[in-house]
Amino acid sequence: MGLLMRPFVFVLLLGLGVPPLGRADDFTIDLKAEAGKKSGTTEAKYPAPDPKPSPRAVLETAVGTPISVKWTVRNTDKATVKDVLVHCFVVKIDKADQPEVPKLTKNVVVDTALTMDFKAQDKTEAEISFTVPNPGRYLLRVELKNAGAKDKGEPFAALELLVR
Amino acid sequence: MRLRLLLLVVVLTVLPLAGYAEHANINLRVLRVDAEGKTSDEVKAPADEEPPGGGINPRPVFKAKINEPLLMQFILTNAYPHGELKDVTVRYFLVREDKIGQKKLPDLDKGIITQGRFMLNLKPKGKVGARVAFTIREPGAYLLRVHTINTKSDHEHFSALDLLVE
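Chains as they are written, first to last, in my numbering: chain A, 1 to 164; chain B, 1001 to 1166.
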């Protein structure tokens, strides 16, 4: 079995503790992407500034153009949240605003993950740059695992890359 | 007198080791990728430390062709057992270099194929990893490297290999 047949994030999830139920955690996620030097910045945030569902922001670029992504994840709650996994990936999708997240077994350009205990106001951030080798529409998503509060889904921020 | 000498030997032996405790394991590799997303021809990089600059282990060489779909992957695990390491940076990059095996780090302002950095608090057994697909369009020598910054130790860990693209 090839390496790509096994989602990368599973490797980092190994050994994480079981999250306690009903935690009242609050995280923010800031996600920014830009391509080349001429285009502006495309952003996504969690929680979203507008609670109404809206289309994902789209960054248009060309094959082979360097894309820079920055994200920051912060615990805004007073409680410590242990064993949070911060997962970021870029994967090809079939259509704009596709609600389903594809399995990360093929057409994955970037897949990163880290584990951390978040004390109050702790943050982690990353900057990555890469190129997309093939044209298409791609989902760029930062999501948290083991951080979800009761009655809430896991936090995430996402945008799309349209590569021509 | 003998006891004092023995204690001195023990102290002189243990102290440098304590300051040189391992704090990171890095598993870095590069692979080819086929159209189905399956990987092959894996080359793994050895773990190393700085100082001395460039480490002591020779870097393995991965041979590739221009525009060949490739994949780099690393997983860094914090092996330091004595508490959290604050504000650590884990950096990776694939950059053009002048020649295979060069000790001096290339200029990171040009010739970058892919790069990234993560800033975080690393707890014992905490992990950071990345898997990035890439192709290289120009023949030449390239350095793929992952290293730690600001671990507040007398050394930093890295893992690296060279790519020779024809």
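These aren't lab readings, by the way, just hints derived from the structure by calculation.
These numbers were taken from a predicted model, which means no experiment stands behind them.
All C-beta atoms in this analysis are idealised placements derived from N, C-alpha and C, irrespective of residue type, glycine included.
Among the hints, erroneous ones may be present.
[Unchecked claim] Listed next, the in silico EDC-like pairs over lysine to aspartate or glutamate satisfying Cα-Cα at most 16 Å (straight line):
#1 B:K1086 with A:D122
#2 B:K1086 with A:D26
#3 A:K32 with A:E127
#4 B:K1123 with A:D122
#5 B:K1063 with B:E1049
#6 B:K1125 with A:D83
#7 A:K123 with A:D77
#8 A:K92 with A:E125
#9 B:K1110 with B:D1098
#10 A:K123 with B:D1087
#11 B:K1063 with B:E1084
#12 A:K119 with B:E1068
#13 A:K103 with B:E1036
#14 A:K123 with B:D1098
#15 A:K45 with A:E125
#16 A:K119 with A:D26
#17 A:K37 with B:D1034
#18 A:K106 with B:E1036
#19 A:K92 with B:E1097
#20 A:K82 with A:E127
#21 B:K1065 with B:D1034
#22 A:K119 with B:E1084
#23 A:K32 with A:E60
#24 B:K1123 with A:E127
#25 B:K1123 with B:D1098
#26 B:K1086 with B:E1156
#27 B:K1123 with A:E60
#28 B:K1152 with B:D1034
#29 B:K1086 with A:D117
#30 B:K1125 with A:E100
#31 A:K106 with B:E1084
#32 A:K119 with A:D83
#33 A:K82 with B:E1084
[Claimed, not checked] Quick list of the computed label-pair ranges, beta carbon to beta carbon:
#34 B:D1098 with A:A48: 26 to 36 Å
#35 A:T76 with B:R1117: 46 to 56 Å
#36 B:P1060 with A:D50: 43 to 53 Å
Structure-based check of all given hints:
1. B:K1086 with A:D122: holds, 10 Å
2. B:K1086 with A:D26: violated, 21 Å
3. A:K32 with A:E127: Holds, at about 10 Å.
4. B:K1123 with A:D122: Answer holds: B:K1123 to A:D122 is near 13 Å, not above 16 Å.
5. B:K1063 with B:E1049: Since the Cα atoms of B:K1063 and B:E1049 sit roughly 24 Å apart, the hinted pair is violated (cutoff 16 Å).
6. B:K1125 with A:D83: With Cα atoms ~11 Å apart, B:K1125 and A:D83 stay inside 16 Å; holds.
7. A:K123 with A:D77: holds, 12 Å
8. A:K92 with A:E125: This hinted pair is violated, its Cα atoms lying about 24 Å apart.
9. B:K1110 with B:D1098: Holds: B:K1110 and B:D1098 sit about 12 Å apart, inside 16 Å.
10. A:K123 with B:D1087: holds, 9 Å
11. B:K1063 with B:E1084: Since the Cα atoms of B:K1063 and B:E1084 sit roughly 39 Å apart, the hinted pair is violated (cutoff 16 Å).
12. A:K119 with B:E1068: Distance ~43 Å between A:K119 and B:E1068 Cα, so the pair is violated.
13. A:K103 with B:E1036: holds, 14 Å
14. A:K123 with B:D1098: violated, 37 Å
15. A:K45 with A:E125: OK: A:K45 and A:E125 at ~14 Å, within 16 Å.
16. A:K119 with A:D26: Distance ~11 Å between A:K119 and A:D26 Cα, so the pair holds.
17. A:K37 with B:D1034: violated, 32 Å
18. A:K106 with B:E1036: holds, 7 Å
19. A:K92 with B:E1097: Answer violated: A:K92 to B:E1097 is near 31 Å, above 16 Å.
20. A:K82 with A:E127: violated, 23 Å
21. B:K1065 with B:D1034: holds, 13 Å
22. A:K119 with B:E1084: Roughly 12 Å separates the two Cα atoms, so the pair holds.
23. A:K32 with A:E60: With Cα atoms ~13 Å apart, A:K32 and A:E60 stay inside 16 Å; holds.
24. B:K1123 with A:E127: Judged against 16 Å, a Cα distance of about 21 Å means the pair is violated.
25. B:K1123 with B:D1098: violated, 37 Å
26. B:K1086 with B:E1156: holds, 15 Å
27. B:K1123 with A:E60: With Cα atoms ~38 Å apart, B:K1123 and A:E60 exceed 16 Å; violated.
28. B:K1152 with B:D1034: Roughly 41 Å separates the two Cα atoms, so the pair is violated.
29. B:K1086 with A:D117: The hint holds at about 11 Å.
30. B:K1125 with A:E100: violated, 32 Å
31. A:K106 with B:E1084: Violated. A:K106 to B:E1084 sits at ~35 Å, over the 16 Å cutoff.
32. A:K119 with A:D83: Distance of about 11 Å is within 16 Å: holds.
33. A:K82 with B:E1084: Answer holds: A:K82 to B:E1084 is near 12 Å, not above 16 Å.
34. B:D1098 with A:A48: 26 to 36 Å: Between B:D1098 and A:A48, where Cβ atoms are some 47 Å apart, the hint is violated.
35. A:T76 with B:R1117: 46 to 56 Å: Given range 46 to 56 Å: violated, Cβ gap about 23 Å.
36. B:P1060 with A:D50: 43 to 53 Å: Cβ of B:P1060 to Cβ of A:D50: about 51 Å, so the range 43 to 53 Å holds.
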